[in-house]
Amino acid sequence: MTHPYIPNAEPGVRAEMLAAIGAASVEELYAAIPADLRLDRPLDLPEPLVSEHELVAHMRGLLGRNTDTTEALSFLGHGCYPHHVPAVCDEINGRGEFLTAYAGEPYEDHGRFQALFEYVSMMAELLEMDVVNVPTYDGYQAAGTAIRMAVRYTGRSKVLISGAVAADKMSKLHDFLDHDVELVVAPVGPGGEIGDVRIDETFAAIYLETPNVYGVVETRGRELAELAHAAGALLVVSTDPISLGVLAPPAAYGADIACGDIQSLGMHQAHGGGHAGYIATRDEERLVAEFPSRLFGLAPTEVPGEYGFGDVFYDRTSFAHREEGKEWVGTAAALWGITAGVYLALMGPEGMRELGETILARTRYAMERLAAAGARVLHPDAVHFREFAIEVPSADGLLAALREHGIFGGVRLDDRTLLVCVTERHSRDDIDRLAAAVREGLSVSGTIEGAGTPAAGETA
Amino acid sequence: MTHPYIPNAEPGVRAEMLAAIGAASVEELYAAIPADLRLDRPLDLPEPLVSEHELVAHMRGLLGRNTDTTEALSFLGHGCYPHHVPAVCDEINGRGEFLTAYAGEPYEDHGRFQALFEYVSMMAELLEMDVVNVPTYDGYQAAGTAIRMAVRYTGRSKVLISGAVAADKMSKLHDFLDHDVELVVAPVGPGGEIGDVRIDETFAAIYLETPNVYGVVETRGRELAELAHAAGALLVVSTDPISLGVLAPPAAYGADIACGDIQSLGMHQAHGGGHAGYIATRDEERLVAEFPSRLFGLAPTEVPGEYGFGDVFYDRTSFAHREEGKEWVGTAAALWGITAGVYLALMGPEGMRELGETILARTRYAMERLAAAGARVLHPDAVHFREFAIEVPSADGLLAALREHGIFGGVRLDDRTLLVCVTERHSRDDIDRLAAAVREGLSVSGTIEGAGTPAAGETA
Amino acid sequence: WDEPIIFEQSRPGRRGIAVPAPGVPAVELPDTVRRAEPPRLPEMSQLHVLRHYVRLSQENLGVDQAIAVGQGTCTMKYSPKVNDRFVTDPKVAELHPLQPDDTVQGVLEIYWRLERMLAEISGMHRVSLQPASGSAAIYANIAMIRAYHASRGEGERRDQVITTMFSHPSNAACAKTAGYEVITLMPDENGYPDIEALRAAVGPRTAALMITNPEDTGIFNPRIAEFVALVHEAGGLACYDQANANGLLGVTRAADAGFDLCHFNLHKTFSTPHACGGPAAGASGVSEALAPFLPGPTVEFDGSRYHLDADRPLSVGKMRPFLGVTPNVVRAYAWIMALGAAGLREVAETAVLNNNYLMHKVLQIKGASAPWGRNRLEQVRYSWQELSEETGVHSEEIGVRAADFGVHYWTSHHPYVVPEPFTLEPTESYSKEDLDEYAAILEHVADEARRDPGLVKGAPYNQTIHRIDPSSLDDPGRWSPTWRAYTRKHLS
Amino acid sequence: WDEPIIFEQSRPGRRGIAVPAPGVPAVELPDTVRRAEPPRLPEMSQLHVLRHYVRLSQENLGVDQAIAVGQGTCTMKYSPKVNDRFVTDPKVAELHPLQPDDTVQGVLEIYWRLERMLAEISGMHRVSLQPASGSAAIYANIAMIRAYHASRGEGERRDQVITTMFSHPSNAACAKTAGYEVITLMPDENGYPDIEALRAAVGPRTAALMITNPEDTGIFNPRIAEFVALVHEAGGLACYDQANANGLLGVTRAADAGFDLCHFNLHKTFSTPHACGGPAAGASGVSEALAPFLPGPTVEFDGSRYHLDADRPLSVGKMRPFLGVTPNVVRAYAWIMALGAAGLREVAETAVLNNNYLMHKVLQIKGASAPWGRNRLEQVRYSWQELSEETGVHSEEIGVRAADFGVHYWTSHHPYVVPEPFTLEPTESYSKEDLDEYAAILEHVADEARRDPGLVKGAPYNQTIHRIDPSSLDDPGRWSPTWRAYTRKHLS
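In the order they appear, the protein sequences are chains A, B, C and D. For the first sequence, my numbering puts the final residue at 460, and the numbers step up evenly by one. For the second sequence, my numbering puts the final residue at 1460, and the numbers step up evenly by one. For the third sequence, my numbering puts the final residue at 2492, and the numbers step up evenly by one. For the fourth sequence, my numbering puts the final residue at 3492, and the numbers step up evenly by one.
Reference excerpt, derived from the structure (chain D facing chain A, CB under 10 Å, subset only):
1) Pro-3038
2) His-3096
3) Gly-3134
4) Met-3165
5) Tyr-3357
Now the in silico label distances, taken between C-beta atoms and shown as ranges:
6) Glu-2196/C x Val-1184/B: 45 to 51 Å
7) Asp-2002/C x Asp-3452/D: 21 to 27 Å
8) Arg-3451/D x Asp-40/A: 50 to 56 Å
9) Thr-2487/C x Glu-3189/D: 55 to 61 Å
10) Ala-2021/C x His-179/A: 55 to 61 Å
11) Asp-3452/D x Pro-2419/C: 46 to 52 Å
12) Gly-2477/C x Ala-31/A: 58 to 64 Å
13) Gly-3458/D x Ala-31/A: 39 to 45 Å
14) Asp-40/A x Glu-3389/D: 43 to 49 Å
15) Ile-1021/B x Asn-2190/C: 19 to 25 Å
16) Gly-2477/C x Val-1184/B: 34 to 40 Å
Far from chain D, by Cβ distances over 12 Å, these chain B residues were calculated:
17) Leu-1045
18) Leu-1073
19) Leu-1227
20) Ala-1371
21) Asp-1429
22) Arg-1433
Think of the hints as simulated: they come from the structure by calculation, not from any bench. Backbone N, C-alpha and C define an ideal beta-carbon position, used for all residues, glycine too.
Based on the provided sequences and hints, a complete structural model is requested.
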């Protein structure tokens, strides 16, 4: 049988094509590959499931072994967030035209260029910055590149980095930067914000996250910006754009580079498959020169008033100059950029504001309820957005107890600390249900008094 | 808040529009409706769930109370069949362009016309008939109309109708026909096929189904065609097109009108939401004149070689002549026609043949296994396609026992009879699992010997 | 795209999908039933089937793509994408209609709740969600009317149904199919159905009045209660075709005017997608007196669980297989839940405002008119008569030319009582900017017609194909309703 | 569609979606963190947002619409629709990446099984599915190379990476980013990377050779094992960029030529969709010696359950958040399962046959050539040099004109070592008829270029927009990378 995916595997057409090119067999076409490099046996792979139904049955069997977050009540966050995904987002990114296009020219792929231009433009409004990249892989990469941009911009090689960063992200940053950038980690203050910060003129940047790994909203942005600028360094701020309907964007308090992950803006959790990274700056040529990503810009056409698009300052890139470009550029996460654009267009300014208010309020409510249930809520006086940490006698014990109630209670940061995530998807009832289960789970061992600031680890 | 579905509910734009038309309020525009007809209170409806997330949560809660046939192992058929739906079928009928278009002209909706023309054309090849309608609602309506076509064509008002028809379908046919057509029901023979048939020159048609309600493939089609034709009547045959990769189409044994349901061809069961009806005839003007449905045909355009489309013989329809048209025409089930076209194009002749062979073989296998498990299989010597009936001491009792195993065992035809459906979705393991559960379920009461032919009822 | 007919893309041996092998012994078929020749279906790879249909899909104008205000009477509105998600979920898509009631409680509850919502919206006693479409609901209503009169021994005598010219043709056609003689009221000089004609028609032979209001012209008949009363006095029933209900939600109800039966089109007023012409869904609402005749089964609630009741001796029985077009029932329910009472009222008011605003714009176009004044609810049947007399360009031609600019309009059902008609219905889904753009396109084409009638008559220029020669479509010797017929007649 | 920029469609007060109200007491934010001005996002109804993006979507050529053989090196193949269904199912889409292992056994098993499949296909010992793309996999490989040499005390000394001009720029660029000096081998007179240049370059400073084969020209270097051996002799590692693996599946393996590391692009060879440029997915395969350095965590199987192992002290750590791009891992797994060993071999053979057939057709076009002869596997970098010299029309211009006929091609990465390049890769997904049509379009445009060069240079004529003036894109005073920048510079 001719495989449904391979039209020219049909023997008749194959013979016809071989005849046309004057080859006796396909084997001839492989003449360039030396015999000693040839595999002399079939690959050892499972028997195929060529019929679509059998493939579906097989996959359904495998995937049916997962318990998803519509089945369990999940309070897991820590970099991947359960926000509501509007159906229109799925509709648009599911359309074959976007899903299967790639890298055409601004003419035949005009729609892709426009959609991505609109995405960066909406992010620019949210961030109050004029330049935003076509997405890179994720917030980790965005942070690494944003730091490298500051390093290149200043010509310095030390960076002060907030300690309130996820351990996995720290791992990525070390791998990406250590060979030529010295990362100095700033301690976390007792209130959950970045602690005492000192830099000098050997520093390229201060790197801050807000809300940080504990969900704490950093309030000293302006002070840090002034500190950095006084030393001739940049302030790089990583922030989740979903907070910016209510929280001031980094540019408002003087940040030079903003970066982060856009998974919150219309992407499913997808077991970590919904990530994409943004980087934004003001429109300063020297800073723009440091972007490795593509930047799409408006360009006029022959027809007055018509908008075309193209690459801004292409010469920066590795596509233009290989290793002489800035870092590298390649396929990253464009579809999620388009999707985030759809999300922001649906939400508008009011939607973003209301969403922020709902999340702030429900986060605070959950903190109060869990405190009342006997958990020790860390950094209770800080402003929290979407996440907060609790300290309990045994993180594993409590998580196991919550599992009995069909609840994924939070991400384990260390033996005694859990990170709890609350979004607009968690109703008041959901939070009450969590609190009741926590109360029950803790009743075995009671509450604990006094605990230090935990390390920012994760379970994976 | 302006509702997301109603852009001009925004107060500013509303005021602007009212000003443009010179009205003080929308109320003015309702002046034509007398006060005593006006509702003087808000409608009494549930509180709305305007936020999409809350709507999704509500619907998920409701729909989560259903157990679907990917969760249970279902052998339910009886007019709605669990065939594999190729992903490409869902992809195409989910595209907004097809899902939200309606009744444009052959120019701006060229794609819809072509897709439906191709659907009828593929059905024509399967049926070996030259004329096929744009789908009507379902197989019930198709049967009713096909019979009416024969009545109009012959000018007679008696129809001999096979007794091996589902009870619900009989109900529909009686409602639709009784006021001016006399339905004479032919008994079911001991082998499960239509029994003794006698007609005379007052009969407009013989109406036959194959496979019939018991899954029995009727073998006397040619004999019945000759009998009908000898009396100046027509043979109307209802058949599921999914069987026609292996079974002879009605035209091959002399049927004048074919009809049936196309739900099998790429539509989900969807709790009965996937139905559409086809009617087909030879290309004879007098017969074509009796179609109430739209018929789409090829038409040349100004550009040589270019294909356009249009309505064939539009004057037949109620759109053209209201009650002087044939029955009526309106919105029916066009999208399922397009989908069935996608299905047939994917399958091709070989796919249809292989599918038919798989179903025939697995049906026979299931009959043997259930017989071995202690059920009395009815009409064991007939050729069965996809369905067969079994007799057991208690239909309800066995169904309940199977439910304990997560199995929907079949459709209850009467107290002692179940109709079992087997398609390509049922693997050998699935059938073995059913057989084992039946054996266990029957072990309480043992097998039974000797039983008559059951009535063709249904559970709903 | 210049996309060939699918048969032209076939190459023997190719496959679009594979089928499970039997895995059990094969069955040999007797010759009497075995297919002799394989069907000549296309043979194509999966990508090629997909690509073909994706291209065809792009050659359509749906609500998701275009300013679809031109399909008057059809209530082209936004079908929320989220509602599509509910019905493609296996919890709907993979349900068998004959599953035990306790495994479909969610679906049954939705039927039950939607029935009560529509009863509240219409004021009727009960509602059947079984009909497959608006016309099927009309037929169901007629079947109930017939059963009602028969139950009273008047079945034979009452053999006439009265309808109006501006009610959908299916009112007349379904009545005729059900065996009734049809009497059609024409509009009076004000565009209302002629009440004197009704007085003349009504009598002991009257089974029912089947009437739309507002009619397809958009005109609301203020004497509707009088019409109903006249029919009632004669012992007939009054049946309300609510295809045009979009401007009336929460404003006036079928029961308020005394109707015995009514129907809604879920795919119009209640937003389920039009799907190129179905699957649709209808809802038949009836008064308490008619309730015993409703199609079966009905969904009942005993306080703890939902179940089907098929034991209804007076029921007209089955209108279609199983319970109803469940996916559309689910969508309509979700749509109402997203709006609530205030939202529905806002839908109605906005639809009426949009229509009056668009009318204001269209009537500023030279050559366009709306017979019978400006009293319109959610749609208007306009006329290009003036423009046509001036330029010789017909409404159909203007419509084809307008489609070059990405919009469609519908003329009207036959016969064209309003000459050179076009019927617009700008539902609540469209923005003021859409309406302005739409009117500007019509104005542009009207200008073209005056400047250069040949330009308009030569359209389309900017669409998939060029002007069609329809002559073969009514010629039995040449018509080609399938590729099979075409190849036989034209290619062999 | 002449679709405005989305900001131009905004009207204050409109909404595309509603958000749940808090339902609990509000939180007052301190001034230091409260946003002062609302962001100037568009305000539109839901239908209008949808319609805007649906229209934009239609203004693209993807695999589902077009004969996408022109994006050479990118392996544009059919992404089966059924695989998309798996990943939009909540059982993938609604999984959190930090759920307990026992609640994601299905996903972990797929990771585990796909790793073993790719290990078999490449001959490598283990495979990491964490990298987010091909370039990210290259970077991961470089990170492992660096860690490997560092673990042997040679990290400082080995500071050079050798690559070739016809390997993807990311090989050079990632190496540079990781701190390496990059040496690029140019092609010799036969189009192979120059082995003499390698001999000259390799030495004690060599950390690794990063090489593609066949290179982006489609030419397979038959001395590849010799290249690897030379590097090994110098103590360096050999890393195989398998972006061009589509013609090699089941034919030859990375391990067979002695490579220490390799990577695949799941969105190329293994069919996950290109998605306008990602999300993609990469797979890094390594020999046993390199396995301890793989990114973490890895998926392990203890005979009864799958679990994550993060306790790997030599690991280079995290390349991205969480485990990998799971949806693409699921799709790639399903694709291989639908094909099996024989199917993969058929993919490779057909890709090579298609390429050679298309090359046969293209080289019949006057003015087209393929430098360095006909030895090609699954793609060819062609040249319009002759045509360009004759007509003055450049390859970019021919490409734009070809798009008027619904197809795209890609020239090549910079610099244009092959003059006036265009790169075609007709994967196994395309039919002979597609290839004939594609070649016919190129031939038609080449004829046009000779007949009327201005016609070709003036393209596009048949696309959404007209010829772009790119001059502002490199001018800091005028460039407009966002609407915000544009309105500031050009509209205020």
